[in-house]
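**Q** Chain by chain, the residues:
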Amino acid sequence: MSSTDLTSLTIAEIRDGLSAKAFSATDLTKAYLASMEAARALNAYIVETPEQALSMAAASDERIAKGEARALEGVPLGIKDLFATEGVHTQAASHILDKFKPSYESTVTANLWNDGAVMLGKLNMDEFAMGSSNETSYYGPVVNPWRKEGSNAPLVPGGSSGGSAAAVAARLCAGATATDTGGSIRQPAAFTGTVGIKPTYGRCSRWGTVAFASSLDQAGPIARTVRDAAILLKSMASVDAKDTTSVDVPVGDYEGAVGQSVKGLRIGIPREYRLDGMSAEIEALWQQGIAWLKEAGAEIVDISLPHTKYALPAYYIVAPAEASSNLARYDGVRYGLRVPGEDIAAMYENTRSAGFGHEVKRRILIGTYVLSAGYYDAYYVRAQKIRTLIKRDFDLAFAAGVDAVLTPATPSAAFGLEEMAVASPVEMYLNDVFTVTVNMAGLPGLAVPAGLDKAKLPLGLQLIGRPFEEETLFRLGQVIEDAAGSFTPSKWW
Amino acid sequence: MSVDIATVKRVAHLARIAVTEEEATSFQGEINAILGFAEQLNEVDVDGVEPLTSVVAQTMKKRVDVVTDGFYADRVVGNAPVSDDDFFMVPKVVE
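Chains as they are written, first to last, in UniProt numbering: chain A, 1 to 493; chain B, 1 to 95.
One chain only, chain B, in its complex shape (with noise of 0.2 angstroms):
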């Protein structure tokens, strides 16, 4: 399987990263490349091989249900590029 230019722009829009024209080439080249090199894994029988989610025997861990930390916005929101009374601030997004 190959990427086009246009697969490589709409792939670009859903990850939100703006790309060039020649940004976009430049990926399609090099997408295609570990694309291709992927295909060997078509070579393996994975028939009835689960895929592997853990890879240690462990079952997930559970907190208890209380609450062990917060109540300091003024903290949470400290490093925001713009904030205003402990809110982050966004451009509109509701006219």
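Looking at chain A on its own, in the form it has when it is part of the complex (with noise of 0.2 angstroms):
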């Protein structure tokens, strides 16, 4: 087989190639490495770790010739740089990290090496995950390898998992680890033409996980088609003695509710989700996905989430406070960067002025304005009460008897590098618009490629599920992949 040949294998492909001896796990290894390295304009790894990788592809050629493969034996991976990795670059591609190398792994991560997956890298990322485009990261912002039809201008493969689904789509991974906080994995997912699955909070442990807002973030696969998601998915969950909030709940058969009927499922299309000005692109895949879903059997049903319009204001109290409690480890004592000043005040403030970037700094400033004196009852307290009534809009949606609710994943198609640099930070945070609910909920939510716009870019839909539910994601994700196709952008890099 051709490299490009071994690249272009889902997971589940190579699952199938590596036990019939087609190829071998090391010469899948190359062949991503070669690609990686081909695809550097793309700047989705920070580190690539080819001898890492090698050694690992080696172990699982060993490990297949005695018939002992495990569920991701050989499986090439890119992980994104939140995740702590043992002795392996960890930076949540922030400057205040300078050369941190942890001398542990992240429970997610440590699943997926114990089913025998491969480490490509350390893939591209918002600063601590916070960004809507890729551009807030020490190292660069991400190109999406998509383009408008007839145009060479970059675009943003969203964020904050913008080096995740860019490696992904651009085939320099075969699967990637994300983290979602208000839409890390489905925003980026959906620029991308790729599937991506926040699970429920509490489905995937977060210890070793680089904190941003601890009750919001949840780790989850990006991937190429909903199957590989389901496989991806499998192995990264678990429950873990590490992570308190990690919840008793045995691991689902994802793979196996993929391709099973939705016929008789309950889909609730929220009308709060129609927006104001939201574009007629947008409203027919919407439609569309509506079609496809009641074709297979599904019946729909009109629904109303009244709090929904908070969630995003909501989201930018809560978040923030969260991220100003987290990050105040980094102060220059323990790892990472050190500035000097006059006396360890100053030490502090230089090295964190130094070491933040200005969407993360900002953040840490909204945040410890809204828990300061004064403020906490107006502002976070308040948050967390409207929080309390976007759940309970969800609650009341499932208690009466909807399964999924369907929505569009963004308000558009992926924008231009840079187009969004004078914009007010609140335009940006629109992005986040239809995900940040499913966060604020800690309910699971999966972004799957739908179509694409008028310039050829790719558009994704958003399925919702009840906690803990899903397989009943996987198994309407599929009808939806079914019916649109997959999506892969013409190679120019």
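Please keep in mind that the hints were generated in silico from the structure rather than gathered at the bench.
There's no promise every hint is true.
As the list claims (entries may be wrong) - SDA-like cross-link-like pairs, simulated, lysine to any residue; straight-line CA separation at most 20 angstroms:
#1 B:Lys-61 x A:Phe-468
#2 B:Lys-61 x A:Pro-250
#3 A:Lys-309 x A:Arg-271
#4 A:Lys-454 x A:Ala-280
Take the two lone chains, each set in its own frame, and fit them into one complex as the hints suggest.
**A** Dropping the structure here:
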């Protein structure tokens, strides 16, 4: 098989090919390492780890030869820079974690390696996962492998998991880990024609994942197909004693759900997601998704989630508040960058000033402000009360018999690099208008490619499920994938 | 509500982030845009609503109170910018 053929395989096909000995894990890893080297213009990887990759692939080949292959044996993956990887660059794409190499492994990546996966390198992202365009990385922006038809202008891949999404779309890894605090898996997946799932809060352990907003952060995969996302999530998810918010619910048979009938499932269409000024293309995409699910036997019902419009402003109080607390640990003492000062307070201030980028600093300042004396009740407590109402909206819809909710994934296709540079932060935040409610309520959300816009850029739909019912999302996601097909960018890099 | 420049500087000091005059001005505009966006939260009647503390109805798990980890101070200080004899080193704090 040629190198291009190898990197075109889905994870399910890799599994079959390796077990049939059609190629070796080493061949496959070498093909990916070559494609990564040829795609450095995309800036998807911060660090490539070829030696580690080849030694893991060799170990996989030995296991396969002995007939001891595990669930992800020999599958080459990219890892978002937010996950601690033992002895390997882990900086959340921030300058403040300069030279940090953890002496431990995150639970999610440890689960993947225990299942035989191969690490290709660490993927670029928005600094501390704060951003919707992957333009806040200390290591520079990621370029979307997709371009508008007839244009060479670079587009953003979305964020914060922009490196993960770009690498999967450009076939620089078979699948990738990602994280989602307000839409950071689903929005970049939609911008790159890939599949991304943010599982239920508590499904994947947060241990060893650099914290942004602890009550909202969840890890999940980005992959090329619904089935591949299901395979990866099965390995990433676990119940972990090291994360007290990891929930004691057995991990489901996600791949087994792929291809199951959706007949009789009730799909809620929330009227509040029909925004003023929403583009006709997004509306048409949504209607197409409704038609596909209806044809497959699902029942469509109109629902109301009345507090939807308050999710984004409430999120931009809650998430910065938690971030300001979590990021207090970066003080130039225990790890990372240190910039000297005349006393210890000046050392802290200089270190944090030089180490954090503008977006991160702004969120820390907002978080510090809304948690400060006199403002705590007016902002933070009020936002948390509104979060209760947002969650209640979903609870009521599910109690009324809705199995899943269908919405657009993003309000638009990918936009140009630096296009939002002069916009107010609030305009950038609007990218997450359809995804952020899901984090606020702790629910699982799947983004699946559903079509191309008039400039031939991918657009995605989002399915939102009941807590710990990821299987339902995989069933429904496969119906959309079957109807819409899959989308691959033309190679220009 | 909106913040003035003195408040931005006070909050930056609380957060231990040194800011220049120019940065403070930029942050002031951005923070006020976000606080302005959050104003709409005041439209919502939250009387009698409990603040959300956990999205999952689960009692906090408790570990058995035993030592399961540790005894590797060299690894703990291994990433420190400055360390000496397994201690983190900081500028003098007590005269």
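**Q** Against each hint, give a clear statement of whether it holds in the structure.
**A** Hints and how they fare:
{"no.": "1", "hint": "B:Lys-61 x A:Phe-468", "in the structure": "holds, 18 angstroms"}
{"no.": "2", "hint": "B:Lys-61 x A:Pro-250", "in the structure": "holds, 16 angstroms"}
{"no.": "3", "hint": "A:Lys-309 x A:Arg-271", "in the structure": "holds, 11 angstroms"}
{"no.": "4", "hint": "A:Lys-454 x A:Ala-280", "in the structure": "holds, 11 angstroms"}
Every hint from the earlier list agrees with this structure, and none is contradicted.
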